[in-house]
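Protein chains in written order, with numbering that gives the first Met the number 0: chain D, 0 to 72; chain Y, 0 to 67; chain E, 0 to 84.
Keep in mind that the hints were calculated from the coordinates and are not lab data.
A few of these clues could be false.
Calculated cross-link-like contacts (lysine to any residue; reagent style SDA-like; alpha-carbon spacing at most 25 Å) [unchecked claim]: (1) Y:K6 x D:E57; (2) Y:K5 x E:T27; (3) Y:K54 x Y:R40; (4) E:K43 x D:Y43.
Far from chain E, some chain Y residues (derived; all Cβ distances over 12 Å) [unchecked claim]: (5) K6; (6) A21; (7) Y23; (8) G29; (9) T62.
Here a beta-carbon is modelled for each residue, glycine too, at the ideal position from N, C-alpha and C.
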Amino acid sequence: MYHHDPRYYKPMTHHHGIYPIPFMPACVKYANAYIPYQCYVQAYPLPEALMRGTLFPELYQPYIPEKKLKKGE
Amino acid sequence: MWIYEKKLQYPVKICKPDLRMARYLLTQYGGPDGELSAALRYLNQRYTIPTNEAKALLTDIGTEELAP
Amino acid sequence: MMHEQLAFLRQIQEVEFAALELNLYLDTHMDDQRALMEYNQHVKHLAMLKQQYEMCYGPLLNFGFSPSQYPWQWLQGPWPWEQVY
Numbered sequence: 000m001y002h003h004d005p006r007y008y009k010p011m012t013h014h015h016g017i018y019p020i021p022f023m024p025a026c027v028k029y030a031n032a033y034i035p036y037q038c039y040v041q042a043y044p045l046p047e048a049l050m051r052g053t054l055f056p057e058l059y060q061p062y063i064p065e066k067k068l069k070k071g072e
Numbered sequence: 000m001w002i003y004e005k006k007l008q009y010p011v012k013i014c015k016p017d018l019r020m021a022r023y024l025l026t027q028y029g030g031p032d033g034e035l036s037a038a039l040r041y042l043n044q045r046y047t048i049p050t051n052e053a054k055a056l057l058t059d060i061g062t063e064e065l066a067p
Numbered sequence: 000m001m002h003e004q005l006a007f008l009r010q011i012q013e014v015e016f017a018a019l020e021l022n023l024y025l026d027t028h029m030d031d032q033r034a035l036m037e038y039n040q041h042v043k044h045l046a047m048l049k050q051q052y053e054m055c056y057g058p059l060l061n062f063g064f065s066p067s068q069y070p071w072q073w074l075q076g077p078w079p080w081e082q083v084y
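Build the full structure now, drawing on both the sequences and the hints.
Written as structure tokens, this is what we have:
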């Protein structure tokens with residue numbers, strides 16, 4: 000397929016006008032590792048951010064043991 | 000390159016002594032996969048990383064890992 | 000440490016943490032204007048808070064970054080790890 004052809008493959012490059020940068024590269028390749036690009040939409044109120052350990056709701060990922068997860072549902 | 004501030008980044012509250020937890024924390028802090036070795040790894044990797052973005056990021060994260 | 004000082008310190012910690020988070024975000028999103036604007040607001044606010052705090056409670060920095068009243072205030076306790084928050 001055209002966009003999986005490595006000759007046509009372009010990795011996500013850094014433009015200077017950063018928008019639009021896709022969340023993931025346009026044509027992803029198998030057997031390659033990617034990190035989804037963070038999109039900043041909203042911040043926690045500052046006191047809450049300090050307590051949660053991050054300013055960004057999309058990065059708030061507390062560890063919850065499986066046992067507790069099942070109980071909570 | 001570094002200065003320190005006479006304050007903590009986060010107000011630490013210790014409610015009760017907990018020896019078992021203390022041992023976990025000690026490993027998390029000083030163990031082979033702990034904060035300290037991560038900090039030093041970042042701060043060493045920045046010398047050979049090619050781009051300015053990565054140099055900044057490694058220095059900033061390395062500092063952040065190191066700082067209480 | 001009095002309650003008032005601790006509340007002041009907490010506010011500094013809150014603003015500084017927000018600035019730090021935006022700093023790390025900007026390291027990988029250097030063209031995000033809104034994030035940069037918010038970062039700069041925090042920087043300004045933080046400088047003001049720290050100046051006020053230092054005037055009331057002594058220097059947060061040494062090595063030439065903060066002035067001290069007489070006698071040399073740097074030695075004054077409690078040190079950050081001795082404080083009950």
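Here is what the structure says about each hint:
1. Y:K6 x D:E57: violated, 28 Å
2. Y:K5 x E:T27: Violated. K5 (chain Y) to T27 (chain E) sits at ~29 Å, over the 25 Å cutoff.
3. Y:K54 x Y:R40: holds, 13 Å
4. E:K43 x D:Y43: holds, 19 Å
5. K6: violated, 5 Å
6. A21: holds, 15 Å
7. Y23: holds, 19 Å
8. G29: Its Cβ never comes within 12 Å of chain E, the nearest being 16 Å, so this holds.
9. T62: violated, 10 Å
Taken one by one, the earlier hints fail for this structure at numbers 1, 2, 5, 9, listed in ascending order.
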